[in-house]
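> In case you want the letters, here they are:
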Amino acid sequence: MLNRLTDALDFQAQALNLRSERQRLIASNIANADTPGYVARDMNFAQALRNATGSMQPAATLSASQPGHITGNAATDGASFSTLNYAAPSQTNLDRNTVDMDRERASFADNTVKYEATLRFIGMQVKTTLSAITGQ
Amino acid sequence: MSMMNIFNVSGSAASAQSQRLNVVASNLANADTVAGPDGTAYKARQVTFQTQLMGANANDPTSAGVRVSTISEDQTAGRRVHDPKHPSADADGYVTYSNVNAVEEMVNMISASRSYQNNVEVMNTAKGLILKTLQLGQ
Chain X
17 MLNRLTDALD FQAQALNLRS ERQRLIASNI ANADTPGYVA RDMNFAQALR
67 NATGSMQPAA TLSASQPGHI TGNAATDGAS FSTLNYAAPS QTNLDRNTVD
117 MDRERASFAD NTVKYEATLR FIGMQVKTTL SAITGQ
Chain C
6 MSMMNIFNVS GSAASAQSQR LNVVASNLAN ADTVAGPDGT AYKARQVTFQ
56 TQLMGANAND PTSAGVRVST ISEDQTAGRR VHDPKHPSAD ADGYVTYSNV
106 NAVEEMVNMI SASRSYQNNV EVMNTAKGLI LKTLQLGQ
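From first to last, the protein sequence lines stand for chains X and C. First residue of the first sequence: 17, per our numbering; consecutive thereafter. First residue of the second sequence: 6, per our numbering; consecutive thereafter.
In case anyone wonders, no lab produced these hints; they're calculated from the structure. A few of these clues could be false.
[To be verified] Label-pair restraints from in silico Cβ distances: (1) C:Ser93 - X:Gln107: 17 to 27 Å; (2) C:His91 - X:Ser106: 47 to 57 Å; (3) X:Val129 - C:Thr45: 52 to 62 Å; (4) X:Met140 - C:Ala36: 52 to 62 Å; (5) C:Ser31 - X:Thr69: 49 to 59 Å; (6) C:Ser116 - X:Asn60: 29 to 39 Å; (7) C:Ile76 - X:Arg112: 44 to 54 Å.
The beta carbon of each residue, even a glycine, is placed where N, CA and C say it ideally should be.
Build out the structure end to end from the sequences listed, making use of the hints.
As structure tokens, this is what we get:
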């Protein structure tokens, strides 16, 4: 019963998790803006969400042949690194750093807004469920 | 809470940038230093950054912090000025100053302070998001 109540939140929860992973990824890019040789990464969000919510099989899974092995689940083991791409540099740099600060700042702001949107979706779903429970 | 790592990542970058700012301050302070009795003047210093993975998983590329890997000295010869009356002049009447280039140091300073500001802003945004997440369902 409780499962069915929280099932509706699972999708948004996965999206929120991936949004926070992407936030961290972009923060890493901004942090390494002056590191020689650093290559900027970004997440293919649609692909990551498809992998995480299970509507598509992840590229690779861990096989658990012994009792002590952990099962590699792309949805819970961080941002399923297969969906991380390398940013193509728009202007080349002498120190081979490919962080484009304008793009990173824009992505960061974009991700912030979408994170807050996901938070609001979850909040509204919880409110809907609560009002259904109290029956008012 | 995977977002907590943002503070480690941006914090490491802010720390590295402040170290860079510190080196710039040393260089600018010593811009007009002359060579002592040993004949060698102050040499400009430069920090080099290196990526440092900070995630719980060692291969996790999503938490890449920064650390200062080396502080190297600029080995070019210092500026030599002919001034026989100067107390530090050598036998030929030349005074050796440090090899600090003030213009380069100012540019370095602006770059470091902008990067520092960027990281502080990232931390502020992350803090706002985490606080909003904590208020979820209230």
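> Run every hint past the structure and note whether it holds.
Hint check:
1. C:Ser93 - X:Gln107: 17 to 27 Å: violated (45 Å)
2. C:His91 - X:Ser106: 47 to 57 Å: The hint (47 to 57 Å, Cβ to Cβ) holds, given that His91 of chain C and Ser106 of chain X are roughly 51 Å apart.
3. X:Val129 - C:Thr45: 52 to 62 Å: Cβ of Val129 of chain X to Cβ of Thr45 of chain C: about 55 Å, so the range 52 to 62 Å holds.
4. X:Met140 - C:Ala36: 52 to 62 Å: holds (60 Å)
5. C:Ser31 - X:Thr69: 49 to 59 Å: Since the Cβ atoms of Ser31 of chain C and Thr69 of chain X sit about 53 Å apart, the hinted range of 49 to 59 Å holds.
6. C:Ser116 - X:Asn60: 29 to 39 Å: Given a distance of about 31 Å, which is inside 29 to 39 Å, the answer is holds.
7. C:Ile76 - X:Arg112: 44 to 54 Å: Given about 21 Å between the Cβ atoms, the range is violated.
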